[in-house]
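Undergrad: These are the residues of each chain, in order.
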Amino acid sequence: DAGITQSPRYKITETGRQVTLMCHQTWSHSYMFWYRQDLGHGLRLIYYSAAADITDKGEVPDGYVVSRSKTENFPLTLESATRSQTSVYFCASSSPGTGTIQYFGAGTRLSVL
Amino acid sequence: LAKTTQPISMDSYEGQEVNITCSHNNIATNDYITWYQQFPSQGPRFIIQGYKTKVTNEVASLFIPADRKSSTLSLPRVSLSDTAVYYCLVGDLGTASKLTFGTGTRLQVTL
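Protein sequences appear in the order of chains A and B.
Residue numbers are given in this note's numbering: position 27 of the first sequence equals residue 27, and the series is strictly consecutive.
Residue numbers are given in this note's numbering: position 101 of the second sequence equals residue 101, and the series is strictly consecutive.
Any given hint might turn out to be false.
[Said to hold, decoys possible] Straight-line distance between alpha carbons at most 20 angstroms, and here's what the computed SDA-like set of lysine to any residue pairs gives:
{"hint": "1", "chain 1": "A", "residue 1": "Lys70", "chain 2": "A", "residue 2": "Ser28"}
{"hint": "2", "chain 1": "B", "residue 1": "Lys98", "chain 2": "A", "residue 2": "Arg44"}
{"hint": "3", "chain 1": "B", "residue 1": "Lys98", "chain 2": "B", "residue 2": "Thr5"}
{"hint": "4", "chain 1": "B", "residue 1": "Lys3", "chain 2": "A", "residue 2": "Gln37"}
{"hint": "5", "chain 1": "B", "residue 1": "Lys98", "chain 2": "A", "residue 2": "Thr98"}
Quick caveat, the hints were computed from the structure, so don't treat them as lab data.
Let's have the full structure, built from the sequences with the hints guiding it.
TA: Set out below in C-alpha cells:
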C-alpha cells in the first residue's frame with residue numbers, strides 16, 4: 001500500500017532487550033522523523049533524517065539509534081530497552097519546500113516490562 | 001526553540017465554530033505554523049499550514065497576526081467527528097532538530 005507504514009503495531013519486550021521499530025514510506029520523501037508520544041508531553045522528536053545516510057538528533061535521542069541506508073526506510077533501535085521507553089512511537093515523512101507538513105504512520109505501541 | 005502553548009481542552013456543541021489559539025512568542029523568521037489533528041490510536045494528520053496572514057482550506061482557517069506570536073485555528077460548524085486532539089507545530093525543516101509539538105488541545109464536541 002502507498003503511504004507510510006510502521007511495524008509492528010504493538011510490541012511487548014523486557015528491560016535490557018534490543019528492539020527495532022520499522023518505518024517504510026513509498027513517497028520518496030527525503031525527510032523522515034521518529035517521535036515518541038507520552039501522556040503530558042505531546043510528541044517529542046527523537047531523531048530525524050534529511051536524506052539517506054544523513055541523520056541527526058532531536059529533543060530526546062538518548063537510548064535510541066537510527067540508520068537510513070535507503071530513502072524509504074528509517075528504522076529506530078532501542079539498544080537496551082528501559083521501562084522509561086514505554087511509549088507510543090510515530091514515524092513521519094516530509095519533503096523540502098512544504099514547510100513542516102509531515103505525514104505520520106499509525107504508530108507502534110511499545111511496552112517495556 | 002519555538003515553544004508553543006495551547007489550552008489543554010475545549011468543549012463545543014455541534015454546529016458551532018471553534019477557535020483554538022496557539023501562543024508562540026519566540027517564533028523565528030523562517031518558521032511555519034502547522035496544525036495537526038489526532039484521533040485516538042492514530043497518528044497526527046495535517047490540517048492546515050500558514051506563514052502569515054490568513055489561510056483557508058476546505059476544512060479550516062488559520063489566522064496569523066502581523067507579529068506572528070500567536071495563531072488561531074478556526075473550525076467552522078464542528079461535528080461530533082471533529083472530537084480530537086489538535087496540535088500546533090511551529091518550525092522549519094531547516095532547523096528540524098528543534099521541531100517539537102506542544103501538548104495539544106483536546107476538543108470535545110457534543111450534541
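Undergrad: Now tell me, hint by hint, if it's right for this structure.
TA: For each hint, the structure was consulted:
1. Lys70(A) x Ser28(A): 10 angstroms, holds
2. Lys98(B) x Arg44(A): 10 angstroms, holds
3. Lys98(B) x Thr5(B): 16 angstroms, holds
4. Lys3(B) x Gln37(A): 17 angstroms, holds
5. Lys98(B) x Thr98(A): Answer holds: Lys98(B) to Thr98(A) is near 17 angstroms, not above 20 angstroms.
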